[in-house]
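*Asks:* Letter by letter, the chains look like this.
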Amino acid sequence: MDASADLLINALISGLLLGGFYAAVSVGVAISFGMLDIVNIAHPAVILLGSYVAFIGNTVFGIDPILATVITLPVFYLLGMVAYQVYYVAFERRDDQSLRGLSFFFGILFIAEVGLILSFGVDYRSVQAWYVSGNLNLGIIELPWRLLVPFLLGMAMVVGLQLYLSRTFIGRAIQAVAQDQQALRLMAANPTKIKRIAFGLSFATAALGGAALIIIQPVEPSIGREYIGRVFAICVLGGLGSFPGMMIAAVTLGIVENLTATFFGPSWAPAVAFGVLLVTLAVRPSGILGR
Amino acid sequence: MASLVAKDAEREAPRGLGHVAFILVMVAVAAVVFMITRSIGNSYAFFAAYVVVQYMVLGTAWNILGGYTGYVNFGVTAFFAIGAYSTVVLHKLTPWMPLPAMILIGGVMAALVGLGTGYLTLRLRGVFFSIATLALAVVVQTLITNWDFVGGARGAYVMRPRIAPLIGGDYIQYLFLVMLGLCVIALATARAIERSALGYGFAAIRDDEAAAEASGVPTLGLKLIATALSGGFMGMAGAPLPYYVTYLDPSSGFSLNYAVNAIAMPLIGGTSSWLGPIVGAILVGGLQEYIRVTISSAVNVLVAGVLMVAFVILAPQGIVGLFQRKKR
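Line order of the protein sequences matches chains A and B.
Heads up: the first sequence is residues 8 to 298, going by my numbering.
Heads up: the second sequence is residues 94 to 421, going by my numbering.
Since the hints were derived computationally from the structure, they do not count as laboratory data.
A couple of the hints might just be wrong.
Claimed, not checked - Between beta-carbon pairs, the in silico distance windows are:
#1 A/Leu-85 - B/Arg-218: 27 to 35 Å
#2 A/Gly-282 - B/Ser-390: 30 to 38 Å
#3 A/Ile-177 - B/Val-201: 24 to 32 Å
#4 A/Val-286 - B/Gly-309: 51 to 59 Å
#5 B/Asp-301 - A/Gln-135: 52 to 60 Å
#6 A/Leu-85 - B/Val-125: 49 to 57 Å
#7 B/Gln-417 - A/Ser-173: 30 to 38 Å
#8 B/Ala-124 - A/Gly-122: 39 to 47 Å
#9 B/Tyr-250 - A/Gln-135: 38 to 46 Å
#10 B/Leu-197 - A/Gly-282: 25 to 33 Å
Heads up, the beta-carbon is just placed ideally off N, CA and C, and yes, glycines get one too.
Just need the whole structure built from these sequences, with the hints factored in.
*Replies:* Structure below.
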């Protein structure tokens, strides 16, 4: 096989896998930004918090990194509910989301980053597990477990959340809150309570996303910033709040980034998300599957 | 200087000084500040005071867009670094060029980037602009890191002249003087905007953009003016940086501290008037210098973030707002 065609196929496949991982880190923003209209730019910081939980669970207690974050899911869920309550009382009720609400999350992002630097330093941290190295051999192609496991985790999260949102009462209420708060109130459901639950869920997905992140690459406290552009580019391109759209966008970004890294060098990859975001906003702000 | 400025504001409270008188007062204040700093006779005083005045310019620049029109720019570091790196380029190509000219060029470059980003994103809801500016900071950093001419990831050394032009003494005195001058220009611009038709247009956008648009306010044009002015001043604030630090690399030039401080200072001081960013910069900048010396430089960066979160929750009108409410 031709060398560059080989490279191309490899870039496409690992881009697809990377896309599944991007879905795992973006699904929380698809809920908070897409459905609740809360622009939580601190989401990547919460993801990083999840990564460090996986790191501590793995190095101190010797358990599987994904299991470590699964154990702490209730903590992240509660943290999300508290964050929403503060946001609701201080900004949403005063109708001051745009300037001060945004700055609030920016401040949280910064405090989390500095807090992580103060407690863990700026060194890169990684985890040990059987799937961090090695490949799954499928004849002509080799799939690294390091990419495959986060891909499967992301897929499981998206499918699970989609089922929850379409099949359960609370899940449907979350979708309803995005469309018409007043109507929800008439159905005797409290929009604030529903939003609190949804924001808790969004934080919980960030914990799992953090485990996926530290499996794919070693992390350091400021790495979260690179993901701000990515997750928001994916959510905007996917058409806010639509999971299928988000999946397509995540895989697209994964493949384009991988092709860029293969043919122009990995140091250019962070610029791709911004390009995608700008083009989307300029050409089709409602996203590929937007209403 | 804090009390001087505050007194000045009280005196002019209802209608205020004319523009020329305001500039003269500001120049006098700046001259007094410079003489006081010089009388300390210690170059640390200049280094510390430079940082505070630099944040006054950055905070005022952010406030022109954020405070007056309500659009949040998180990409302060991008504009700041564009100014700084344009100086690095000019220093390599035309080392004879005087610093004020370099500052002007850095400002124009940053203003153009602001104009471009704004043109693509400002027709949508404000949050999209904010998200785009966050991503802009990452992409500009990627570009600079990959650009070998300005040192790439390794960074660039910029030799500072030993002697200051015009005033003599150490070069840091000249840098401080230039930054003070920039601060006077930024403040005069911000105050002039507040009292002009432009300022009323900005306020109309902030309070209800749809209503403003419906009443014939050219919202996109006004937002672009605000973005260009704001970005331009950020670039100008960053332009002298290479001479200040003498070694500039992407991770220090794009430090999140700049963005957090530039946003925190107006929000803490109060976003509704030119006075807010100044009060915030003196308070937070002074506190940071104090903590850096007495506790540690790791804790001092936390101050701005924690104070900002506390203020947006507990005192959304900032210090100036608290003060005005009491007076009423």
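*Asks:* So which of those numbered hints doesn't the model satisfy?
*Replies:* Hints 3, 4, 7 not satisfied by this model.
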